[in-house]
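Trainee: Make the complex out of the two chains shown on their own, each in a separate frame, by following the hints.
From first to last, the protein sequence lines are chains A and B.
Note that the first sequence covers residues 1 to 267 in our numbering.
Note that the second sequence covers residues 1 to 333 in our numbering.
Among these hints, one or two may not hold up.
[Stated by the list, open to error] From the structure, some residues in chain B lie toward chain A, with a derived Cβ separation under 10 Å: (1) Gln98; (2) Ser108; (3) Gln109; (4) Ala113; (5) Glu118; (6) Gly276; (7) Val279; (8) Asp283.
[Said to hold, decoys possible] Below, simulated SDA-like cross-link-like pairs (lysine to any residue); rule was C-alpha separation at most 25 Å, straight line: (9) Lys260(A) - Leu144(B); (10) Lys91(B) - Asp99(A); (11) Lys11(A) - Lys133(B); (12) Lys4(A) - Ile122(B); (13) Lys91(B) - Ser181(A); (14) Lys102(A) - Gln98(B); (15) Lys296(B) - Asp312(B); (16) Lys124(B) - Ala10(A); (17) Lys260(A) - Asn9(B); (18) Lys22(A) - Ile129(B); (19) Lys95(B) - Lys22(A); (20) Lys15(A) - Lys91(B); (21) Lys253(A) - Asn92(B); (22) Lys11(A) - Lys153(B); (23) Lys95(B) - Tyr252(A); (24) Lys28(B) - Ser181(A); (25) Lys124(B) - Tyr13(A); (26) Lys11(A) - Glu132(B); (27) Lys102(A) - Glu183(B); (28) Lys22(A) - Met158(B); (29) Lys153(B) - Tyr113(A).
These are calculated hints, taken from the structure and not from any lab test.
A virtual CB, placed ideally from N, CA and C, is assigned to each residue, including glycine.
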Amino acid sequence: MKRKGLGFYAKIYCKILAQDLKSKMSYRADFIISTVGMICTNIAGFISFWILFRNFPSINGWSYYEMLFLYGFSLVSLTPVQCFFDNNWSLRQNVYTGDFIKYCFRPINTFFYYQSEVFDIKGLGQLAFGLGTLIYSWIKIGLGFTPLMLLKTVVFMITASLIMIAMQNAAAATCFWIQNSFYVLDLAFRFKDYAKYPITIFSPVFRFIFTFLMPIAFIAYYPSLVILRPDKVPVLSWLSPVIGIAFFWLSYKIWMHGAKNYSGTGS
Amino acid sequence: MSAIIEIKNVSKEFRVLNRREGLKGSLKDLFSRDYKTVRAVDNISMTIQQGEIVGYLGPNGAGKSTTIKMMTGVLEPTSGEILVGGNVPYKNRTKNAQEIGVVFGQRSQLWWALPLVESFRILKDIYQIPDEKYESILKLYRSLVDIEPLLHKPVRQMSLGQRTLSDILAAFLHDPKTVFLDEPTIGLDVAMKSRIRTLIHALNKERNTTVILTTHDMGDVDALCRRIVIIDKGRMLYDNDIGHLKSFFGSYRTLKLRMDGGLKEQAKLVQKELPGFSVSADDEWISVLVDEEKAKIMDVLGKLQHSFNIRDMQLEEISTEDVIKKIYEEGVQ
Numbered sequence: 001m002k003r004k005g006l007g008f009y010a011k012i013y014c015k016i017l018a019q020d021l022k023s024k025m026s027y028r029a030d031f032i033i034s035t036v037g038m039i040c041t042n043i044a045g046f047i048s049f050w051i052l053f054r055n056f057p058s059i060n061g062w063s064y065y066e067m068l069f070l071y072g073f074s075l076v077s078l079t080p081v082q083c084f085f086d087n088n089w090s091l092r093q094n095v096y097t098g099d100f101i102k103y104c105f106r107p108i109n110t111f112f113y114y115q116s117e118v119f120d121i122k123g124l125g126q127l128a129f130g131l132g133t134l135i136y137s138w139i140k141i142g143l144g145f146t147p148l149m150l151l152k153t154v155v156f157m158i159t160a161s162l163i164m165i166a167m168q169n170a171a172a173a174t175c176f177w178i179q180n181s182f183y184v185l186d187l188a189f190r191f192k193d194y195a196k197y198p199i200t201i202f203s204p205v206f207r208f209i210f211t212f213l214m215p216i217a218f219i220a221y222y223p224s225l226v227i228l229r230p231d232k233v234p235v236l237s238w239l240s241p242v243i244g245i246a247f248f249w250l251s252y253k254i255w256m257h258g259a260k261n262y263s264g265t266g267s
Numbered sequence: 001m002s003a004i005i006e007i008k009n010v011s012k013e014f015r016v017l018n019r020r021e022g023l024k025g026s027l028k029d030l031f032s033r034d035y036k037t038v039r040a041v042d043n044i045s046m047t048i049q050q051g052e053i054v055g056y057l058g059p060n061g062a063g064k065s066t067t068i069k070m071m072t073g074v075l076e077p078t079s080g081e082i083l084v085g086g087n088v089p090y091k092n093r094t095k096n097a098q099e100i101g102v103v104f105g106q107r108s109q110l111w112w113a114l115p116l117v118e119s120f121r122i123l124k125d126i127y128q129i130p131d132e133k134y135e136s137i138l139k140l141y142r143s144l145v146d147i148e149p150l151l152h153k154p155v156r157q158m159s160l161g162q163r164t165l166s167d168i169l170a171a172f173l174h175d176p177k178t179v180f181l182d183e184p185t186i187g188l189d190v191a192m193k194s195r196i197r198t199l200i201h202a203l204n205k206e207r208n209t210t211v212i213l214t215t216h217d218m219g220d221v222d223a224l225c226r227r228i229v230i231i232d233k234g235r236m237l238y239d240n241d242i243g244h245l246k247s248f249f250g251s252y253r254t255l256k257l258r259m260d261g262g263l264k265e266q267a268k269l270v271q272k273e274l275p276g277f278s279v280s281a282d283d284e285w286i287s288v289l290v291d292e293e294k295a296k297i298m299d300v301l302g303k304l305q306h307s308f309n310i311r312d313m314q315l316e317e318i319s320t321e322d323v324i325k326k327i328y329e330e331g332v333q
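Looking at chain B on its own, in the form it has when it is part of the complex (with noise of 0.2 Å):
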């Protein structure tokens, strides 16, 4: 294995206006040189090997995107160093280009009107795909999905399932060295979602392509990412192995319950019942973070059984937010 992209030290500053208040502070904004700085990303390290899938999580606002964009060139970075297949992005954008697929969850990128066929010729000819090889890889989508009812389509007729779909494999066409996913299975149903992370893992394996993963949805990681890369703030969190992520916070689960009065007040006493435990409440659901290394789930509701009237429940997998939560409130060791 060989490190297809390095970051050293890479950080990101933006300049924004202090913005005042009111129509007279928009006047004096006018005028302003009042400006702050705001690091987006902040002294990130990492290196990726060739092959690798890896998760890029954080909550909205992390700086996510923004290291993305740096990776694909279109912002230069503050100050670091980025390598991306032997490239540094933002100076040779064009030929970084040749060697990476982008995808946006909710931009498709082909031409709205045209047939995906067609699409896939043009961008044949813009990134210079030999015959055989388009060929072959054409043999492989084939093998993969049942992408013949998809070819003749035009985009813009397209669910948004297919369209995605269409879009990751239009990503992978030129056999680029690394794919950057952004929110791939976002508002999609749970047979696409299965669907895309299987062709995601099926491409990366066949293709030993490097892929870079931003999701918020945890399933998309368990699927596919062995290695997760959390930032919050601009900052670097965590950088391992899944599994001793969940080593930490695996077994957590949400215990979700939803009972008579108003669920606010009885949020509160079911606080009281369980002192120790996370308890939050939604319009919705009463929440309860329950750690099954020291509390069994059934114990807990048999207990809380006692003194409410529950009317229904959900069990569920700690989220993204709360791994990152956790992480953020407590750090990691």
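Isolated chain A, as found in the complex (with noise of 0.2 Å):
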């Protein structure tokens, strides 16, 4: 038996994911209405948005472009744990019900077989969305460019991916311990609207808790101001590189720790 390394993974999740591609076409109605839902709860949240903006010209020092840029940055990062770990909202339905064994029984990673199986497409209209809101607003800031600065906001991307995947994982493991974990799922993905403002508006415990204990300020404020206020970004912008790997690492190891302690239900 040859090794199972990235090579192996990659070639059975593209294989996978061409055949949940394939199939998902062919419920063309049910693609479009999703599509079009997706497309309107943007456009609804960006409107509010801008509501707000009409009567308050900057929050905090903030300029209505900088949040922008904040809301574009953090839909774009949001995109990854939408597209490739919707799975995570099934789990505690999967566990319920004893179906979650099937994964057990593979000779390949459990979280990766788990995860491979859903691909949400409609998360690629937000990563357009977010896109485009994030380009319009770098012209509009009049920021400019050098690669430099791309490679920085791809890094940063990442990273802010990485802690949202992380806290989406750690919150559906919950559902390995307690019965009632929708709510642990619910609150984590509902705090990730909080991810677009900056965190200076809120009160210091707030800010404490965005940070270190729900740490979504990473999603976004931390990483944008490393583009927006290259003049003083403060430390933790430059660590959450690190901290997001770690987070990940974290949540990845609990997700799988509780998929190794799990007995099934009898048949």
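Mentor: Next up, the structure:
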């Protein structure tokens, strides 16, 4: 038996993904309606944002376009969790009914096998919307453009994604221990809405929570500072890639620990 | 022949909370540390040879699933040793998974939205099956069952029977040394049951695959197994040839009767008429367990016809449940 490295997993993922897309296309109406729904959700979010800023030209020193930048940044960095880790939402159901046991019988990584099963294509609409917003605000702020800035943006976006993925993994994994874990997952997911505001507008208590306990400030705020305020970047911003990787690794360990202790239901 | 599965003095204990009744009890349970230990599997030992088909039987909650979960590496035994194909399942779960196949009667492991052939291709990659091996097993499948109509049908559109068939084919795809089948014929019609049994039998012959079969259907056991293992309440009750078991209980038939009047009351009268027989009644039938070595069915029926107005009758084999019940009540010599 060959060793199962990254290449092995990448190949299997692509295969499952291609098949999944093929079968999704066969539900055309479903595909179109959910895409339209996603676009509407984003537009509605944007409108409420816009109304807010018609009344307050700036919030705590953050201009309209800077806020827009944060908004776009958070949308883009939330895309991977939406696209690749959507099966976390079904974890509770799978564990509860005992169907989860089938993921324990394959000679591949359980976490990988489980997450590979669902690819949520709706996330791509969000990605397009987020990118549009980001580019528009980038131009309006007049940030200029250098390859280094692009590199920084990409690196910090990956970081932000990892944190969101980590939060969702950890929240979903609670179902291995508690029955009503949906609320934990839902809570974690709702908190992401606060990610699109600069953390300085919150009270010190929440600032602490959002930085160290539920690290949503790393989803958009700290990474964006590197691009938006390059002259005074706090240490926490530079630390965010490390924090992102650490959180992801930790959440993976928690998830796998839960899966390993899973014993299933009677049959 | 060589041993493929070795189980030595294996036990599995679960710690469960002693639950109290009522709302107040539930509140107390929140803070309770009052656990009790339940032995789901109690000191089981067996050795299974490569190529055997073993029927693993027992009533619901006997510990069958727990044993299978330990053999597949999902659960760790509390004590004792398990070796499956030389692997310790719990420690080398991935390596063990490569060499076994698992089918759960009611839970498909295939990709729901995909046609069967696409599931096969993904499995081919996951198990790293070489091309020629993959082709040869497909050829074998084609010779055994009519798989063409199945191959291009999405799993979600299949009937339960087709799905079970597909799951079994998928479990044998990587040529595992052992396949665990958990109630593969549950909920299937007679024709499909027979097809599934023929398939399992043929695959076992062709590939010399060891099969561990859990079932409540005596028909499965009769068609497939020469050896059966029976457990109840976690303890092993029987491990031997099926012929041996039948010599104890094979002469038993259940005579089912329907007659005028309330069945419960009539059953009592029948019992009076037939002392020494086991008589019971459910909503539809009065059942009389007849040992044909001691009494002829026709004589029993004739005797009853004198005193009762029999409207309908059926003759059945002794059921797995009855066998296990009898073994549990009376033991095996």
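Trainee: Taking the hints in turn, state whether each one holds.
Mentor: Evaluation of the provided hints:
1. Proximity of glutamine 98(B) to chain A holds as hinted, the smallest CB-CB distance being about 4 Å (cut-off 10 Å).
2. At about 8 Å, the closest approach between the beta carbon of serine 108(B) and any beta carbon in chain A falls short of 10 Å, and the interface hint on this residue holds.
3. The closest approach between the C-beta of glutamine 109(B) and any C-beta of chain A is roughly 4 Å, which is under the 10 Å cut-off, so the hint is satisfied.
4. Because the smallest distance between the Cβ of alanine 113(B) and any Cβ of chain A comes to about 4 Å, under 10 Å, the interface hint for this residue holds.
5. Interface restraint check for glutamate 118(B): the shortest CB-CB distance to chain A comes to about 5 Å, inside 10 Å, so the restraint holds.
6. Of the supplied interface hints, the one on glycine 276(B) is violated, with its beta-carbon coming no nearer than about 37 Å to a beta-carbon of chain A, more than 10 Å.
7. Restraint check, valine 279(B) versus chain A: the minimum CB separation of about 32 Å is more than 10 Å; hint violated.
8. A hinted interface residue such as aspartate 283(B) counts as satisfied when its beta carbon comes closer than 10 Å to some beta carbon of chain A; here the least separation is about 26 Å, so the hint is violated.
9. With a C-alpha separation of about 37 Å, the suggested pair lysine 260(A) and leucine 144(B) falls outside the 25 Å cut-off, and the hint is violated.
10. Among the hinted pairs, lysine 91(B) with aspartate 99(A) is consistent with the structure: their alpha-carbon atoms are about 22 Å apart, no more than 25 Å.
11. Distance check on the hinted pair: lysine 11(A) and lysine 133(B) sit about 20 Å apart at the alpha-carbon level, within 25 Å; holds.
12. Under the criterion of a C-alpha separation no larger than 25 Å, the hint pairing lysine 4(A) with isoleucine 122(B) is consistent with the structure, at around 15 Å.
13. The hinted pair formed by lysine 91(B) and serine 181(A) fails the criterion: a straight-line CA distance of about 29 Å is larger than 25 Å.
14. Proposed proximity of lysine 102(A) and glutamine 98(B) is supported: the alpha carbons are some 14 Å apart, at most 25 Å.
15. Proximity of lysine 296(B) to aspartate 312(B) is assessed by CA-CA distance (about 19 Å); at most 25 Å being required, the pair is judged to hold.
16. Only pairs whose Cα atoms come within 25 Å are accepted, and lysine 124(B) paired with alanine 10(A) is accepted, the gap being roughly 15 Å.
17. Straight-line distance between C-alpha atoms of lysine 260(A) and asparagine 9(B) comes to about 23 Å, which keeps the hinted pair within the 25 Å bound.
18. Pair hint lysine 22(A) plus isoleucine 129(B) holds up; C-alpha atoms about 24 Å apart against a cutoff of 25 Å.
19. Only pairs whose Cα atoms come within 25 Å are accepted, and lysine 95(B) paired with lysine 22(A) is rejected, the gap being roughly 32 Å.
20. For the proposed pair lysine 15(A) and lysine 91(B), the alpha carbon gap of about 29 Å is over 25 Å, so the pair is violated.
21. A C-alpha spacing of about 18 Å is found between lysine 253(A) and asparagine 92(B), which places the hinted pair at or below 25 Å, so the restraint holds.
22. The suggested pairing of lysine 11(A) with lysine 153(B) holds, with an alpha-carbon distance near 24 Å, which does not exceed 25 Å.
23. Note on lysine 95(B) and tyrosine 252(A): the hinted pairing holds, with a Cα-Cα distance of about 21 Å set against a maximum of 25 Å.
24. Taking the CA atoms of lysine 28(B) and serine 181(A), the gap is near 21 Å; set against the 25 Å cutoff, the hint holds.
25. Of the supplied pair hints, the one linking lysine 124(B) and tyrosine 13(A) holds, its CA atoms being roughly 13 Å apart against a limit of 25 Å.
26. The suggested pairing of lysine 11(A) with glutamate 132(B) holds, with an alpha-carbon distance near 20 Å, which does not exceed 25 Å.
27. Between the alpha carbons of lysine 102(A) and glutamate 183(B) the distance comes to roughly 15 Å, so the proposed pair stays at or under 25 Å and holds.
28. For the proposed pair lysine 22(A) and methionine 158(B), the alpha carbon gap of about 19 Å is at most 25 Å, so the pair holds.
29. Between lysine 153(B) and tyrosine 113(A), the direct Cα distance comes to roughly 23 Å. Compliance with the 25 Å bound is thereby established for this hinted pair.
This entry does not satisfy hints 6, 7, 8, 9, 13, 19, 20, going by the numbered hints stated previously.
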